[in-house]
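Trainee: Taking my numbering, I'd label the letters of the sequence shown as residues 1 to 179.
Accuracy of the hints is not assured; some may be wrong.
In silico lysine to any residue, SDA-like type, Cα no more than 25 Å apart, as pairs [unchecked claim]:
id	residue 1	residue 2
1	Lys11	Tyr66
2	Lys137	Thr157
3	Lys68	Tyr6
4	Lys117	Val163
5	Lys34	Tyr81
6	Lys117	Thr20
7	Lys34	Gln49
8	Lys117	Lys176
9	Lys34	Leu147
10	Lys68	Leu82
11	Lys34	Leu107
12	Lys117	Tyr66
13	Lys13	Leu41
14	Lys176	Gln49
15	Lys34	Lys68
16	Lys78	Leu30
17	Lys13	Ser26
18	Lys78	Lys11
19	Lys78	Glu33
20	Lys119	Ser26
21	Lys143	Leu82
22	Lys34	Arg114
23	Lys13	Ile79
24	Lys34	Glu110
25	Lys78	Met12
26	Lys137	Met156
27	Lys119	Leu23
28	Lys11	Cys145
29	Lys11	Val149
30	Lys11	Lys71
31	Lys13	Ser103
32	Lys34	Leu23
33	Lys117	Glu33
34	Lys71	Ala83
35	Lys137	Gly150
36	Lys11	Lys68
37	Lys68	Ala83
38	Lys71	Ser101
Just so you know, these hints were derived from the structure itself, not from any lab. Computed from a predicted structure; not experimentally measured.
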Amino acid sequence: GEIFAYEISKKMKYKNKAITTPLGISTESLMTEKPVLATILRAGLPLHQGFLNYFDSSDNTFISAYRKHKKEGDFEIKIEYLASPDLEDKTIILCDPMLASGSSMILAMEAILRKGKPKHIHIVAIMSSSEGINYLKQNTPIKDCTLWVGAEDAEMTAESYIVPGLGDAGDLSFGKKSE
């Protein structure tokens, strides 16, 4: 997360401010606006921490998105929890380590809109499928959007896992969960 945070920080707006110390005055560049850091629980928490290390006084938004498996073997993405400040006219950084089909990211963006219309949103994924990137571009509900992806893989399995990918990011970080 820290590498993405550093790169995104270059896109932020700054103003110069005189800082008085016991030994003199220094002029420093300070961000004019702190971004709101948003993540999709639980897989996004390690990536989110990297952003917190850079934007340590930013507000945070937490979104639960999970696969609700059906008896037939398929699943749907469910969002049942959103903890967030007002997001009207804010710059948002929404991070999730994997952008597979893009469905959970679109649902997360729709959840964000319930808290206000952001000025801009940065979507961050360590890894993405080509299909997920295309789906996000075609269906994004927030048009002023920048996508940051570390690596793009061309394939996905029938279960919407990126190939070769990394596996389940939440399980890799926190251990396998029981269904």
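Trainee: Next, verify each hint and record whether it holds.
Mentor: Here's how the hints hold up against the structure:
no.	hint	result
1	Lys11 with Tyr66	violated, 31 Å
2	Lys137 with Thr157	holds, 21 Å
3	Lys68 with Tyr6	violated, 35 Å
4	Lys117 with Val163	violated, 34 Å
5	Lys34 with Tyr81	holds, 24 Å
6	Lys117 with Thr20	violated, 37 Å
7	Lys34 with Gln49	holds, 16 Å
8	Lys117 with Lys176	violated, 35 Å
9	Lys34 with Leu147	holds, 19 Å
10	Lys68 with Leu82	holds, 17 Å
11	Lys34 with Leu107	holds, 24 Å
12	Lys117 with Tyr66	holds, 24 Å
13	Lys13 with Leu41	violated, 29 Å
14	Lys176 with Gln49	holds, 20 Å
15	Lys34 with Lys68	violated, 34 Å
16	Lys78 with Leu30	violated, 39 Å
17	Lys13 with Ser26	holds, 19 Å
18	Lys78 with Lys11	violated, 32 Å
19	Lys78 with Glu33	violated, 32 Å
20	Lys119 with Ser26	violated, 31 Å
21	Lys143 with Leu82	holds, 21 Å
22	Lys34 with Arg114	holds, 20 Å
23	Lys13 with Ile79	violated, 32 Å
24	Lys34 with Glu110	holds, 22 Å
25	Lys78 with Met12	violated, 32 Å
26	Lys137 with Met156	holds, 18 Å
27	Lys119 with Leu23	violated, 40 Å
28	Lys11 with Cys145	holds, 13 Å
29	Lys11 with Val149	holds, 16 Å
30	Lys11 with Lys71	violated, 46 Å
31	Lys13 with Ser103	violated, 31 Å
32	Lys34 with Leu23	violated, 29 Å
33	Lys117 with Glu33	holds, 16 Å
34	Lys71 with Ala83	violated, 30 Å
35	Lys137 with Gly150	holds, 17 Å
36	Lys11 with Lys68	violated, 37 Å
37	Lys68 with Ala83	holds, 20 Å
38	Lys71 with Ser101	holds, 21 Å
Hint compliance for this structure: hints 1, 3, 4, 6, 8, 13, 15, 16, 18, 19, 20, 23, 25, 27, 30, 31, 32, 34, 36 are not met, and every other hint is.
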